[in-house]
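Below, each chain spelled out in residue letters.
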Amino acid sequence: MRVIQNLKAIPKVQKFRYGMILLASMSLLGPLAFLPQLVGSDDLCGQLCMRRFYLYFPGMTWGDFFVHVNAAAIGVMAFALILITTLFFGRIWCGYLCPVGGLAELSSRMLNDRWKIEFRSLPQVQIRYGYFGFYLIAMPALGISACSLCNFITIPRLIEAMSGEYRGMVYLVSSVGLVNLALLLLLGVFASKGRAYCQFLCPIGAADSIVNRIGARLPFAHRIRVAKERCTGCNICARDCMCGAIKMVDKIAVVDQMSCMSCHECVDVCDWNALAWTAPPKHKHNSPKRIKKNTEIFPLPDWQAIHITPVKEDVAAGRALPQISGVSIFNSMIFLTVISVIIVGSFL
Amino acid sequence: MLRSFLLLCLVLLNYSVEAGPRYSDPDGCLSCHVYEGLSFIDEEGVLRSATIDAGHYASSLHGSVPCKDCHREVVDYPHKVENTEVDCSASCHVEEPSEGVKYSHDVIHEEMEKSVHGDGWYKGLTGGNRLEELEEEQDPSCRRCHSNTAYIAEAQLEKFKDAFDHAETECGNCHQGKAWMGQFGGHILRRFVGRRWNNIENNQLCIQCHGDVEAMREVEQEDVKTFKKHPPSERFVQSSESYTKTLHGRLIDANSEFGATCIDCHAPDGWKHEIRAYTDEKSASHPDNLSESCGQSNCHAYSKKPGNEGFTMTDMHSLSLLGLNSFEQPLTDANLWQSNWFRSMWPLMAVGIVFIVGSLVWWIFYRTDKKILAILGGSRFERVMIGRKPKKARVKPTARKPSAEKKVAPTPVVDAVAPKAINKEDLELEKASVEKKIEPASTVESTKVNKEASETEAEKTLKKPDEPEA
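As you go down the protein sequences, you meet chains A and B in turn.
Just so we're aligned, residue 77 is where the first sequence starts under our numbering, counting upward by one.
Just so we're aligned, residue 445 is where the second sequence starts under our numbering, counting upward by one.
Note that these hints are calculated values from the structure, not bench results.
Among the clues, some could well be false.
[Stated by the list, open to error] In silico DSBU-like links for lysine-lysine, alpha-carbon gap of 30 angstroms or less:
no. : chain 1 : residue 1 : chain 2 : residue 2
1   : B       : 833       : A       : 327
2   : B       : 689       : B       : 749
3   : B       : 673       : B       : 546
4   : B       : 815       : A       : 327
5   : A       : 88        : B       : 815
6   : B       : 558       : B       : 672
7   : B       : 672       : B       : 726
8   : A       : 304       : A       : 327
9   : B       : 558       : B       : 749
10  : B       : 603       : B       : 716
11  : A       : 84        : B       : 815
12  : B       : 815       : A       : 304
13  : A       : 91        : B       : 815
14  : B       : 622       : B       : 546
15  : B       : 546       : B       : 726
16  : B       : 672       : B       : 622
17  : B       : 524       : B       : 546
18  : B       : 605       : B       : 622
19  : B       : 726       : B       : 689
20  : B       : 512       : B       : 524
21  : B       : 833       : A       : 304
All figures in this text were calculated on a predicted structure; none of them were measured in a lab.
Isolated chain A, as found in the complex (with noise of 0.2 angstroms):
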């Protein structure tokens, strides 16, 4: 049976990370969902929502803020819980817990890769901080609801009515909902990894990876890091990798702490050790070398969280630098006009 050997094959932190996923899932989402219950709520909307009380209305006063933080003061508040952990031990809640993005992702490792579509390799971080810009302060000037694009509702949504709720069946029978559905198709389930849309379009995941980045210098976050001597550029690390986060710069596996969730996927299939889930080293950059018989040793590890390429001479070395092609500038001029066209228009 290759379908128990190749569950056999998952490494143990993914069986566990799985695990956790489907626990999250069963008490936040569907029939079961008695985590929302417990505040009376049988979806992720409402006082438990997390994704729109930091919308900016123009003109917006700390007052109108604080009613929106009332009203999902919940959400608020595992909002915050999300961030605190995510500044101890990177964005766990994304990996381990949230049962939107896990759900898709769990749906699209049950299908086969060649189906798929490679969103990883897409300009993420642009891609994700443009549209988390157009979310926080565009949508609400358009008068376009937030809650449009919301995976948050289409999953709880569309598990209602797989169990036989009609209010899920009327939700995605709606225009909005058909809209969604196919996001969740295209950027979920057949995205490769299926973790698309927490690349892209998330929020929580927009937010949560800012704190990711800040936190990751500080001496006792937990982050993916690198150890670089150790990397043999195998690049098996970046091709596991669900959220795009790790690169091969150099033939050296370089992790982006704007998109990692720590899922411990690349740890897991390193040969080499060369990634680790831990704290930065206590000692300084190659200060434990010792030389024994004129050969240098390095017996700890340097784990890097970040990973900044030294920009070269490269003209000197004859390759050539990257340039600015016709193309790019045409398509930025489109996206500027039409994102300008729609900002000034809906002021006047």
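Keeping the supplied structure of chain A fixed, place chain B upon it in accordance with the hints.
Positioned in the frame of chain A, the structure of chain B alone reads:
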């Protein structure tokens, strides 16, 4: 002896409390009207009683007011029936002590006249406002909404009593004088205590009439500019149905204090009588005034600030909401087949067939292939994230590989080393080094720096012949 004296005292005291009407009757109206059976037949042939129960009247709110204060046209005896009508909009018996202005319902009268309900029977406000109200008329009279209910709701009574106990000290500090407290204390305190209705009852008042779809179809609407009558729009007829589907209506159904009632949007200011058509520019629900009306509450306070005009675009009485009738009801078969869900099944089915057939084809022809790439963007991923060169560039060196080895062959040193490295790892290293050949020199250098420790001598010797080429 003492005991019987005390009993007598009690009886006398008791008698003195109950004795006689509290207020005198300066106009002498009660001398006739107190008799039972005093009645007359009005124009419509209805027998109407003219008896006034002196006790009831005295204990009513207006008990201290002489009859002629309101029935002003009654000057002689016997008086005509027509003269008994009371016009409360003129001016009233109560004088506001601090301003000295006589209270009047004229403000409400004017407001009502401007509103869409302005054609109703409210002229003269009371008096003739009893039997003349016709059920068939589309415009409501005062009594339709202001029915004779308890002045203070039972639930509020305790709260009112508590507030009333403190009124002497808290209000009386500034508003001195018994007249003011006696006449206005109760009126104003009741407003402090809160509305008589909760939001559900407040809406029920409007829905009583507007919820009746069949009756609403017969209403004639008046154009704001041309004053022409025209049959009602479907949006108007279904307005109460569509409202209950919005968040506003559902919040009120759930007994939440956050929902917006009909009045909250349609007559947010003043005495709540000025309900106008949304096409009227002075209406609170006119698109130009919406940002102001929505912004009155705490929920949408930012909607009146510039740049938020988009907020008011949502149609609160959209007919599309009516389709959402059945939150609880099962979807019937007819509904399902007409729904977007089933329409979207056709393209989904086509995609599904491609999916299934494709899976079979792939499984038959490519199952031995170990490398599986994504259907879209796979090669871009290889190029950007893994750093592999595009396919075209990658194929050439492998094709050239034997010739390159042949060129190398005459040099004895390399020839001697290369054939010995037959085990797998070395072969891979060799491959890698050949791939590096087409890379620009700088990357080769940088990898060299990074991997100096791991590179074997054999590799270095292999690389030597490449350098002059680059």
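Structure-based check of all given hints:
no. : hint           : result
1   : B:833 to A:327 : holds (12 angstroms)
2   : B:689 to B:749 : holds (27 angstroms)
3   : B:673 to B:546 : violated (39 angstroms)
4   : B:815 to A:327 : holds (20 angstroms)
5   : A:88 to B:815  : holds (24 angstroms)
6   : B:558 to B:672 : holds (16 angstroms)
7   : B:672 to B:726 : holds (19 angstroms)
8   : A:304 to A:327 : holds (10 angstroms)
9   : B:558 to B:749 : holds (29 angstroms)
10  : B:603 to B:716 : holds (25 angstroms)
11  : A:84 to B:815  : holds (21 angstroms)
12  : B:815 to A:304 : holds (27 angstroms)
13  : A:91 to B:815  : holds (24 angstroms)
14  : B:622 to B:546 : holds (18 angstroms)
15  : B:546 to B:726 : holds (29 angstroms)
16  : B:672 to B:622 : violated (54 angstroms)
17  : B:524 to B:546 : holds (27 angstroms)
18  : B:605 to B:622 : holds (18 angstroms)
19  : B:726 to B:689 : holds (27 angstroms)
20  : B:512 to B:524 : holds (14 angstroms)
21  : B:833 to A:304 : holds (22 angstroms)
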